[in-house]
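Q: Listed here are the chains, written in short residue letters.
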Amino acid sequence: MTKLHPGRLATLLTALVALFLLMPLIAVVPVSFTSRRYLSLPDGKYSLRHYQALWEDPEWLSSFLTSVQVGVIASLLAVALATAFCIGIWMLRPRFSGLMTGFVLLPMVAPPVVSSLTLYFFLKKLSEWNSLIAYDSLGGVILAHMVMIVPYAVVVVMVSLSQIDRRMDLAAQSMGASVPTRIFGVILPNIRFGLLGAFFLCFLLSWDEIGVTLFVTSVETITLPRRMWMGLRDNVDPSIAALSVLLILVVSLLVIARALLLMRKERAAR
Amino acid sequence: MRAYLFLICPVLLFLGGSYLLPFLGIMQLSFTDPEPGLGQYSHVLSDPLTLSVIWRTLRICVIVTAVSVAAAYIITLLWVRGRPLVRSLTELCIMIPFWISVLSRAFGWMSMLSNRGLLNTWLKDLGLIETSLQLTRNEFAVIIGMSHYLIPFAVFPLATAMRNVDERVLTAADGMGASRLRIFWQVFLPMTASGIIGATLLVFVFSVGFFVTPALLGGGQSVLIAELIYLWIFQIPQWGMAAAMSVILMLAVGGILVLLMRRYGEMAK
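So the sequence lines, in the order shown, correspond to chains H and X.
Using the UniProt record's numbering, read the first sequence as starting at 1 and increasing by one per residue.
Using the UniProt record's numbering, read the second sequence as starting at 1 and increasing by one per residue.
Quick caveat, the hints were computed from the structure, so don't treat them as lab data.
Be careful, since some hints might not be right.
[To be verified] Below, a sample of chain H positions facing chain X; criterion: calculated Cβ distance under 10 Å:
1. 23
2. 32
3. 86
4. 89
5. 103
6. 104
7. 240
8. 259
[Said to hold, decoys possible] Footprint (simulated), chain X over chain H, 3 or more residues, beta carbon under 8 Å:
9. 115-128
10. 245-254
Virtual Cβ for every residue (Gly too), placed ideally from N, Cα, C.
Given only the sequences and the hints, what does the whole structure look like? Please build it.
A: Right, here's the structure in full:
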């Protein structure tokens, strides 16, 4: 039985779609080498000044550090909360577990702008009480990012819990293991790759987060996407082209490396 | 039962306190600010300027959804059914843009379409145009940028539907002498309809609350609902209006999501 493969017309159309998808990523490259101060193509003169600016400007560096800090802390806390929740649901299978899971997934499905407004409102109110978790503070951004990434962590941890064998936990229970022993000795070691995946996904989401960040920060706490936004909104700064080229390069290498790894695994499996 | 409290409650309390409660606060604002009653809602739904923004958002979102789902269908077809090499290549074309930040992608389109961008420079070099075409700061750029962002999201439900197509049905149609085109139109396309509906609803839901790409590529010339809410908060503070608009948006998206779940619930049966 031979599989029917798509024909020439489909291949041609796909090539057009692929070109559309990759075009803007390629268009950034020449712009990043322009010698001018505004968005333009280099006319004969190539320059690395925008890459240099990226490296030397302390503002870009401080935004980079802010983003890493927010990403790591928000992801760790979000994964911890999500893992506790998922294990609780998995072990106890309580009533209304569907309803509770639905509630936890809410920030993922609500329109981002509504979440942004909600979190802005919340942090403004908190600012009246304290300055640690407040509007335009590191704590505030971390809290806002946690709200947005917790649902994704829940999804990833749920999936990896659904793949482990419940009988292992039952065996531990029947031999008298306490609840903490079952969690730390049996369940957590079995979902460690899921937890790692959840952390990685959360970090990426926080690293790229811009919609909510725009609402909850102004001049004090500036993440990397927020600084990019400022550079794009007012006067387009070609440093952003340089930064985009670097980000695109990293993502492409990671995606290609992952594809190669999977291909190798498949071949080994055959 | 103690485990129950320690494990399940923290996240419920966290989201209850920092998401649900403030959202209820927003709802309250929508009925009370600046004056109690339904005034904010009736204003949002009768003010010509606001209405024109709502219509523009709907129009752009419908176009973007159609473009994204059509483009995604074509590329998914090759990703799922192509030969191995083609499959890996299309996968890269889908995954690389998917993981790149929305800002870099919007900036990519700015570099492509702006007055001194790639496209205008090429067209000038070829002698096809004298002066630069105005390709950014309009609806065209918004549609291009949003479609580019949303195509990868449309790919996933379509891929699931295409993978579930029973190969034997296609072979049977082929064996009975149907042409390739006919197999596609009368067998394959109807069998993947559920994926098309899923992708359409998903992309539409994502597109109505979209903020970053329209704000950057529209350049203030084609304001959509999300940007209007932003303006109502940070430029001309009108909390009640922003809150009312958010509640309307939430209800609309909630309605579409219920439809989506019904649809998938029925299929699961």
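Q: Now tell me if each hint is right for this structure.
A: Evaluation of the provided hints:
Because the beta carbon of residue 23(H) sits about 6 Å from the nearest beta carbon in chain X, less than 10 Å, this interface hint is met. Interface restraint check: residue 32(H) against chain X, minimum CB-CB distance 9 Å, threshold 10 Å, status holds. A hinted interface residue such as residue 86(H) counts as satisfied when its beta carbon comes closer than 10 Å to some beta carbon of chain X; here the least separation is about 9 Å, so the hint holds. Hint status for residue 89(H): holds, given a least beta-carbon distance of 7 Å to chain X, under 10 Å.
Restraint check, residue 103(H) versus chain X: the minimum CB separation of about 7 Å is within 10 Å; hint holds. A distance limit of 10 Å between C-beta atoms decides the matter here; for residue 104(H) the minimum to chain X is near 6 Å, and the interface restraint holds. Among the interface hints, the one on residue 240(H) holds; its C-beta lies about 6 Å from the nearest C-beta in chain X, closer than the 10 Å criterion. This hint holds: residue 259(H) has a C-beta 6 Å from the nearest C-beta of chain X, less than the 10 Å allowed.
Check on the region 115-128 of chain H: 9 of its residues sit with their Cβ under 8 Å from a Cβ of chain X, so the three-residue criterion for coverage holds. Coverage of the region 245-254 of chain H by chain X holds [criterion: at least 3 residues with CB-CB distance below 8 Å; count 5].
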